[in-house]
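Given the sequences, and given the hints that come with them, work out the whole structure.
Here are the chains, one letter per residue:
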Amino acid sequence: MSEHHHDHEHGHDHGHDHDGKPIQEDALPSLEAQILETSVRELLIEKGIVSAEDIRRAIEAMDSRGESLGAKIVVRAWTDPAFKEKLLTSSDDALREFGINMSPMELCVVENSDDVHNMVVCTLCSCYPRPILGIPPAWYKRRDYRARAVREPRAVLQEFGTVLPDNKQVRVHDSNADLRYLVLPQRPAGTEDWTTSQLEKLVTRDSMIGVSDVRRLDELVG
Amino acid sequence: MRGPQDYGGLDAGPVDPVTHEHVPTHWEKTVDALMMLIFDQRRQLARVDESRRMQESLGEDYHKYPYYERWLQAVSWLMLEKAVFTQEELDAKQAEVRARLEAARDGV
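Protein chains in written order, with our numbering: chain F, 28 to 249; chain W, 281 to 388.
It should be emphasised that the hints constitute simulated quantities derived from the structure, not laboratory data.
Any given hint could turn out to be false.
Unchecked claim - Output of the computed footprint for chain F on chain W, the stretches with three or more beta carbons under 8 Å from beta carbons of chain F:
id: 1; region: 284-294
id: 2; region: 350-364
Stated by the list, open to error - Lysine-lysine pairs mimicking DSS-like chemistry, simulated, CA-CA at most 25 Å apart:
id: 3; chain 1: W; residue 1: Lys373; chain 2: F; residue 2: Lys74
id: 4; chain 1: F; residue 1: Lys111; chain 2: F; residue 2: Lys168
id: 5; chain 1: F; residue 1: Lys168; chain 2: W; residue 2: Lys344
id: 6; chain 1: W; residue 1: Lys344; chain 2: F; residue 2: Lys74
The model shown is predicted, which means the values in this text are computed figures rather than measured ones.
In this text, a Cβ means the ideal position worked out from N, Cα and C, and glycines have one as well.
Here you go:
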């Protein structure tokens, strides 16, 4: 095709760089925010503080965290009493076996039982066990959850579809910059013969934040 | 005194676990990565409480910022405070980046 020859007219204005456009634009923030982010990033790279490779790797590392990593830890605790004891008493050592380093923060693992249900919030910010679960969910950062989790936890739990018997105690743990919490959910009855990988499929992100239980056994069928 | 970030116990609306989910965009992950990198053990340029101090100093503006734009502001202020770069360097860089992004936006 010659330079200025088109066989057909485009019905809409495409601009001139079809191939330069992504398939779908990621929702971008305001131009001002883009300018500040680009400026800070480029200055940090020019000053040798970070490299583009460091940023790429940091994103990759964050993407690798989440439900499945947390589930491995929970299932190990379900199936290995010595590990569970270590996780509940000196979690640093236990997490090192999974290549997780919480430092400079501390992790406190709180265990659900027949009598106690634990849930985690950060009323002041969005502190979260990021080295295990990655970036917190949007609702965890919002005012609604942060304000009400400490005042009416049962009502908030109901909004997640979690209804607890009145005689079950609810303990709400308020995270901070230095101390993060992870809920160790209860292993469901009837899973005695299950393999590790079957058990891991039961454990959800929300069950480790404590806003829900693990998946129901029938959710895994089919 | 209650700071702008201190939501605990206040009145607020219902939590909607369906609509209040959001998969972080690549831009948000980039800001997240910058914060994590300045915190990390190799760099130790700032700590979480310092980032919070910066965000809380926004006062009532705290509520106006989208989450990661607040983080970005904190990273920028922390790097200025730690003299990693100067305000003059940041101003010059922003002017250059503005011209570049506006040109890209306008398809020049």
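Hint check:
1. Look at the region 284-294 of chain W against chain F: 10 of its residues bring a Cβ nearer than 8 Å to a Cβ of that chain, three or more, so the hint holds.
2. Against chain F, the region 350-364 of chain W contributes 6 residues with a C-beta closer than 8 Å to a partner C-beta. That satisfies the three-residue criterion, and the hint holds.
3. Restraint check: the Cα-Cα separation between Lys373/W and Lys74/F comes to about 13 Å, which is no more than 25 Å; the hinted pair holds.
4. Our distance criterion of 25 Å between C-alpha atoms is broken by Lys111/F and Lys168/F, whose separation comes to about 29 Å.
5. The suggested pairing of Lys168/F with Lys344/W holds, with an alpha-carbon distance near 14 Å, which does not exceed 25 Å.
6. The straight-line distance between the Cα atoms of Lys344/W and Lys74/F is roughly 31 Å, outside the 25 Å bound, and the hint therefore fails.
Violated hints, in rising order: 4 and 6; the structure is consistent with all others.
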